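Trainee: Chains as they are written, first to last, in numbering that gives the first Met the number 0: chain F, 0 to 243; chain V, 0 to 310.
Keep in mind that the hints were calculated from the coordinates and are not lab data. Just so you know, these numbers come straight off a predicted model, no measurement behind them. Think of the CB as a built atom: it goes at the ideal place given N, C-alpha and C, for glycine as much as any other residue. Worth double-checking, as some hints may not be accurate.
Claimed, not checked - One-sided excerpt, in silico: chain V residues whose CB lies under 7 Å from chain F:
id, residue
1, 75
2, 200
3, 203
4, 206
5, 210
6, 211
7, 213
8, 215
9, 218
10, 222
11, 231
12, 304
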Amino acid sequence: MTCLPAHTDKKLGLVIDLDTCVGCQACVTACKEWNTGGHMAPLTDIDPYGGDADGVWFNRVHSYEHITEMGGRTVNFPRSCLHCDTPACVTVCPTGASYKRASDGIVLVDEDKCIGCKLCSWACPYGAREFDTDVGVMKKCTLCVDRIYNDNLAEEDRVPACVAACPTSARHFGDLGDPASAVSQLVAERGGVDLMPELGYHPTNKYLPPRAHTTRAASVPAPALEPVRAEGGFLGWVDRMLSH
Amino acid sequence: MHPAFSVVFFTTATGAGYGLLALLGVLAGQGFVPPDFWLGLVGMGLALGLISAGLLSSAGHLGRPERAWRAFSQWRSSWLSREGVASVATFVPAGLFAIGWVVLGRTNGWVAVAGLLAAVGAFVTVCTTGMIYASLKPIAQWHSRFTLPGYLIFSAMSGSVLLNALLQGFAIGSTIALAGCVLLTVLGWGWKLATWRYNDGLEIPTNANTATGLAGGTVRSLEWPHTEENYLLKEMGFRIARKHKARLRRIAQALAFVFPALLLLAAFALPWPYAAVLSALAAIVQFVGMLVERWLFFAEAKHTVTLYYGR
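With the sequences and hints as input, model every part of the structure.
Mentor: Below you can see the structure in the form of structure tokens.
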């Protein structure tokens, strides 16, 4: 049923720290590697070694230049499904293939019911859903539903593949519906934000903005070279001779 | 948004088909159109043919068309599902109406009731089609108060121009029918101009700042996550129309509204069969014009995901 659950017991999701993300793409490849054999498998690649490569990815890392009066900086920005509280991608689905789980809030696609009408991808403002032209169905992030409850994995590995792979701990996984959880406290402490809050999708995933610029750190750029002034004496004579 | 031809043709053809069906259902059932066998066969054949061709075309847009029957299940939440249910349900009274008219040769009594129900079904189906687009928040040009009335007006307009061509073709045209479709064509033109004016002045609160959560200043895309165009850019990052916007808008206006209106005005002054030829020409030109208009409706629509790509 594509009507949304009135309440979910948990709100499992990710907290992504834009301050520490270095844009290494490790989460992207770890996601692809796990999920191309996982719940939504395969993550088809079309012409992967040709000049027109295309394919399904659940996680994409953009790089932006954010310029404010405090200065400019590069921000690496991982983009994936935000497992929204009111996901229009679910309610627009005509077949019941898209659904939001009442137990943990994860938004999933039942590939056997999907007719590939693509309307859910139009309804998602974040571009989280990608169509698999080879299989003819829509695919999306599963929050690694086949890892986080997987008894065959060691307990510390029961996190989404992107979280496990992140070398800078920029990705955190947990229950954002529980104010006492580590992720909720992290969001409260760092002022985590929703993406496009004005659209009213109430995303579960939160983004931690980069920390404020500080004046304590050393100024990164080297001081500008001073212009060479004309000098007198022997060095001045050498300078004049070499300048000819 | 990428204007897939299957969807452009679907909305144009079913819009005209449902408009014609509704008009025939009301007017023939109430005795304004005679229960002539050939008129019924051609008229209902054209209406149901356009609707069926459009629906089949939309099925061609699906990745897994063999599962299309599943789309009737989620009518509680999904406008697309409601459209599927409404379109199939409308075939029942429309089919009965066609049988009554063409096979039994009557459009009164229960056949008139079937005609009215078919008109209601056509109206509801066009509303559901409009709401599919009007309900999509990420596309500001569609998520507006202009979208649903637009679908209804264009459906009534193209349906009435088709009906007039039919009546003229059977030499039973009237100045009322001609005046009606000229007025609807002018109304359609006005509505399209108002829609474009509204869209051009849109101040969309969603921008690269809110999309990335980076407050203040400017956010400029430095590097994409991929080197080639992916599904998102192919489906939602369509840009050709924005390049040729002004010219395409002129073409759409000329073909969908101005030429048909002029042809129909000329038909006022000319006797049969010239009026019939001009009326048929107006319907054909308008159909082509509506295809351009609908193509632009998609191509000009900007999805919020393009913000992530700096487009």
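Trainee: Each hint: holds or not?
Mentor: Each hint tested on the structure:
{"no.": "1", "hint": "75", "result": "holds (6 Å)"}
{"no.": "2", "hint": "200", "result": "violated (18 Å)"}
{"no.": "3", "hint": "203", "result": "violated (9 Å)"}
{"no.": "4", "hint": "206", "result": "violated (9 Å)"}
{"no.": "5", "hint": "210", "result": "holds (6 Å)"}
{"no.": "6", "hint": "211", "result": "holds (6 Å)"}
{"no.": "7", "hint": "213", "result": "holds (5 Å)"}
{"no.": "8", "hint": "215", "result": "holds (5 Å)"}
{"no.": "9", "hint": "218", "result": "holds (5 Å)"}
{"no.": "10", "hint": "222", "result": "holds (4 Å)"}
{"no.": "11", "hint": "231", "result": "holds (5 Å)"}
{"no.": "12", "hint": "304", "result": "holds (3 Å)"}
This entry does not satisfy hints 2, 3, 4, going by the numbered hints stated previously.
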